[in-house]
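Colleague: What follows is each chain in one-letter form.
2 protein chains.
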Amino acid sequence: MHSFLSLIAEEDVPQETIDDLKRKMVTRKVPKGHILLRKGDKNSKAYFVKSGCLRSYAIDEKDKEHIIMFAPEGWFISDIDTVANRNSAQLYIDAIEDSEVEILDSELINVFVASTPLALQKLNNRIAVLQKRIIMLMSATLQDRYIDFLETYPEIVQRVPQKMIASYLGVTPEALSKVRGELLKTKDEH
Amino acid sequence: MHSFLSLIAEEDVPQETIDDLKRKMVTRKVPKGHILLRKGDKNSKAYFVKSGCLRSYAIDEKDKEHIIMFAPEGWFISDIDTVANRNSAQLYIDAIEDSEVEILDSELINVFVASTPLALQKLNNRIAVLQKRIIMLMSATLQDRYIDFLETYPEIVQRVPQKMIASYLGVTPEALSKVRGELLKTKDEH
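Heads up: the protein sequence lines correspond to chains A and B, in order.
My numbering applies: residue 9 is where the first sequence begins, and numbers increase by one.
My numbering applies: residue 9 is where the second sequence begins, and numbers increase by one.
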């Protein structure tokens, strides 16, 4: 099982810092369907997924869900605006499988960030992923966006309901089904 | 005129670091229309806009431009994936007005990041803006997206051609024009 601590074990982090993180970090089981963060919440945390899968999503005026990201084992997930800038959450975060998470509050996040360049790299990666997602949303065909989803989340494609993948891609399940059919056909022809 | 150095002047940055940045940082005039970064470029830099306005954009398979962000005075702009992860650029960056920029290569960015928590805050802000942009693209009405554009970029709305604002919002200039008309009408009624 993944742990946030195994992630930093190979980094040049002082033992004292590791002990500090170990002592203060809370591990929690989160049953499928449980909501960890709601829009408007103030006191946000970052979650490192040890097992299972979380997702973040927005709900629009018509009560429709739009999935922003998935977080399977080994991923961090948070509404960073609440963590970094102490704004109210824009997002919801819930578990789409029975999951186990390690909870990092803002104090622990600061300890992590100060202790290793890895934290900065994670932030840069997050920016790169978000930037790519905007480019894809604005300019790529649905087929390219689906292929990008498969490359970003190879470990969860069999575990996540099709309607959630459609919500992540911003299309109807019917449109997604059509694209999957086309891709399978192309594969068969080669 | 803004300068990257005035931005960090109020931070607790050692004089030695400031001198180092001053000595190594290159300032450059960029005429309107000049392209600073092209898709596929490897050696990317971050630009701090002293005056004028830059933008980043993607070009899709049908040669259509999609504007990712604007950077008026006081903003940073880069394709962070090339800066942080040394991948090929996905984006183009050009000047939409005669501009003057300060150029930060990866060495200077590292100096900046190591010298002050401000750098981290800038990265967190960037993540928050990107996250919000994805939420808006996926779930907000065009009217809300336009209002968000006005709030994000109050200083450039009069300076940027309508067709670029439409490209940023992911709609046709006609759809944007309709929404602007509706907003003016609502304003007149109150």
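Mixed in with the good hints there might be a few duds.
Heads up, the list lumps identical chains together, so a pair's fine if it works in one copy or across two of them.
[Unchecked claim] 27 Å max Cα-Cα, derived BS3-like pairs, lysine-lysine:
{"id": "1", "residue 1": "Lys-32", "residue 2": "Lys-53"}
{"id": "2", "residue 1": "Lys-37", "residue 2": "Lys-130"}
{"id": "3", "residue 1": "Lys-140", "residue 2": "Lys-72"}
{"id": "4", "residue 1": "Lys-140", "residue 2": "Lys-47"}
{"id": "5", "residue 1": "Lys-58", "residue 2": "Lys-30"}
{"id": "6", "residue 1": "Lys-50", "residue 2": "Lys-130"}
{"id": "7", "residue 1": "Lys-130", "residue 2": "Lys-195"}
{"id": "8", "residue 1": "Lys-70", "residue 2": "Lys-195"}
{"id": "9", "residue 1": "Lys-32", "residue 2": "Lys-72"}
{"id": "10", "residue 1": "Lys-30", "residue 2": "Lys-70"}
{"id": "11", "residue 1": "Lys-171", "residue 2": "Lys-32"}
{"id": "12", "residue 1": "Lys-193", "residue 2": "Lys-70"}
{"id": "13", "residue 1": "Lys-32", "residue 2": "Lys-140"}
Hints were generated in silico from the structure; no laboratory data involved.
Colleague: Are any of the numbered hints broken by this structure? If so, which, sorted upward?
Modeller: 7, 9, 10, 11 and 13
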